[in-house]
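A.B. asks: Chains as they are written, first to last, in the UniProt record's numbering: chain A, 1 to 315; chain B, 1 to 301.
Just so you know, these hints were derived from the structure itself, not from any lab.
The C-beta atom is built at its ideal place from N, Cα and C for all residues, glycine as well.
Warning: the hint list may mix true and false statements.
Stated by the list, open to error - Straight-line alpha carbon distances no greater than 20 Å define the calculated EDC-like cross-link-like pairs of lysine to aspartate or glutamate that follow:
no., chain 1, residue 1, chain 2, residue 2
1, A, Lys300, B, Glu208
2, A, Lys260, B, Asp75
3, B, Lys36, B, Asp239
4, A, Lys260, B, Asp239
5, B, Lys71, A, Asp15
6, A, Lys300, B, Glu47
As the list claims (entries may be wrong) - Not the full set, but computed from the structure, chain A residues with beta-carbon under 10 Å of chain B:
no., residue
7, Val173
8, Thr299
9, Thr303
10, Gly304
11, His305
12, Tyr306
13, Ser307
14, Gly308
15, Pro309
16, Asp310
17, Tyr311
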Amino acid sequence: MTATISPLSEVTRSDAALRTFLHGLPGVDRVGADARAAGLGTRSIKTTAKAWAIDLAIRMVDLTTLEGADTPGKVRALCAKARQPDPGDPTCPPVAAICVYPSMVPTAAAALRGSGIHLASVATAFPSGQAPLKVKLDDTRAAVAAGADEIDMVISRGAFLAGRYLEVFEEIVAIKEACGSAHLKVILETGELVTYDNVRRASWLAMLAGGDFIKTSTGKVAPAATLPVTLIMLEAVRDFLDTTGRKVGVKPAGGIRTTKDAIKYLVMVNEIAGDGWLDPDWFRFGASTLLNDLLMQRTKLATGHYSGPDYFTLD
Amino acid sequence: MPAKKKESADSVASATRVTAGGVATAPRLAVRKTYKLFIGGAFPRSESGRTYVVADSKGQFVANAAQASRKDARDAVLAARAAFGKWSGATAYNKGQVIYRIAEMLEGRRDEFTALEVPAAEVDEAIDRLVWYAGWTDKLAQVVGGANPVAGPYFNLSSPEPSGVVAVVAPSAPTLLGLVSVVAPAIATGNTVIVITDAPRVAITLAEVLATSDVPGGVVNILTGSAAEVAPWLASHSDVNGLDLTGLADAKLALELEQAAAETLKRVRRPAAAPDWSADPGLAPMTAYLETKTVWHPKGL
């Protein structure tokens, strides 16, 4: 178990100790966080810096399809797009990963073989997380056995909001164990956590329990990812690295649709966490429509004229 | 701000406030209008923050107008594209009603246009032209579409469909009739338009008419400023389907725009000679941005 890191090993001994620790974290200045995020969003990124940012953002995309109507054909089409997002331009990099439901993992694994693109699967009764632990563990093991090398789990928001922090902690620890060598991304579903203080607490809780990534949202709840929430999570991973020496990634997901938004996030990553996180191994975008906008902007920079959605595949 | 500038006699007279007791107070400040753009049913300033001075026919300052940039053009394309689905899907009868409504509203606001030095006869012509196009919306399909005889047991039907987003360079003169003559045919056939004009006062006053005429936001978008600056971005934009250069007098620029439009296979309209705007326009302005869909359907025996 990687969670019990020496300076913090005491805090997960009991529910009371964990609560004392989490409630002892500094409170978040809501107005300040909103203002800081808005201020960072006004930076102007142009020309070569923009081209670099767009290619980096494409390499950071977790191309996602999480619909009840997903079919093997749609997943295969998405995998083809992941390998070569812009068929008209071989210099366009592939995306970081494909993110699908567990039932689609075998199809995606076959379609991605040999490409180096990661395969993420949501698990643990996504998106609500309201299922017995045994079901969640089986869900996770099945996804890993089918070929997923990244697992996106949801925390039990019900237990978290009720104050049963140790229960949430132990659940994440158990899921991490079930993942084996697969990377674990912990979805906090910040839209349901109500306050920024809760976002900070949930971030620390997920990192203490061994999560490799903390992810904002499932994409099924509004509001999904926002700049201030991501800012708080970036602060948390930065502070966690300082405290424990372990680096954790961040993944905003849901609601990021335009290149402009994506670049705002990248500016924030650089300013808050540092450029060590400006890498697909440490920062990802969970998105589906974002990729087309990135490709259109990329084409605009390359050709000098505005591109249109008719020239790119529908998802 | 010219706050201390000496006001002309009539504006002071009309601006002097008289209280209920009949005691005259200080003249109120004139409320001057800045003419903004018309994008997606709203009146935003230019994203670039630029404005330019508009003079009347005697060269006197009358207003500031927003000077559109390429980003405004891009925003207008997004608005026009977003509006296209609903407007092109509206029934022909409904489109006719909406365009007739523009004519009604223009009739009610004719004084605003004559105050902008538009001749009364031209306002009449513009209103009549709108009514004429309103009448065409549900008749054009019978004229340019139809049932085709084929050698087999099939119904074969051709029906005209709108192209999509059309970029239009409005003529410099006549301001109102020219503007109406290039916008009305494109929207009557179900397209959405982005107009570039250098007559901001008339164009934005017409936008105020459109905004109160049940024309859905984004169906007509108006960019005021320089066609030479903005039009090339629209001509080369991959999400624009048509380009109307009827009102563009600059032949060299028109040629460049045609060449840029060819890259993305736009439908371009550029008559050999500048039209007589008062003459019967015929069907050409409407058919320029239509595409024919032909459907084969097996015939029951």
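A.B. asks: Each hint: holds or not?
C.D. replies: Status of each hint after checking the structure:
{"no.": "1", "hint": "A:Lys300 with B:Glu208", "in the structure": "violated, 33 Å"}
{"no.": "2", "hint": "A:Lys260 with B:Asp75", "in the structure": "holds, 14 Å"}
{"no.": "3", "hint": "B:Lys36 with B:Asp239", "in the structure": "violated, 24 Å"}
{"no.": "4", "hint": "A:Lys260 with B:Asp239", "in the structure": "holds, 19 Å"}
{"no.": "5", "hint": "B:Lys71 with A:Asp15", "in the structure": "violated, 55 Å"}
{"no.": "6", "hint": "A:Lys300 with B:Glu47", "in the structure": "holds, 19 Å"}
{"no.": "7", "hint": "Val173", "in the structure": "violated, 47 Å"}
{"no.": "8", "hint": "Thr299", "in the structure": "holds, 8 Å"}
{"no.": "9", "hint": "Thr303", "in the structure": "holds, 8 Å"}
{"no.": "10", "hint": "Gly304", "in the structure": "holds, 8 Å"}
{"no.": "11", "hint": "His305", "in the structure": "holds, 4 Å"}
{"no.": "12", "hint": "Tyr306", "in the structure": "holds, 4 Å"}
{"no.": "13", "hint": "Ser307", "in the structure": "holds, 5 Å"}
{"no.": "14", "hint": "Gly308", "in the structure": "holds, 3 Å"}
{"no.": "15", "hint": "Pro309", "in the structure": "holds, 7 Å"}
{"no.": "16", "hint": "Asp310", "in the structure": "holds, 7 Å"}
{"no.": "17", "hint": "Tyr311", "in the structure": "holds, 6 Å"}
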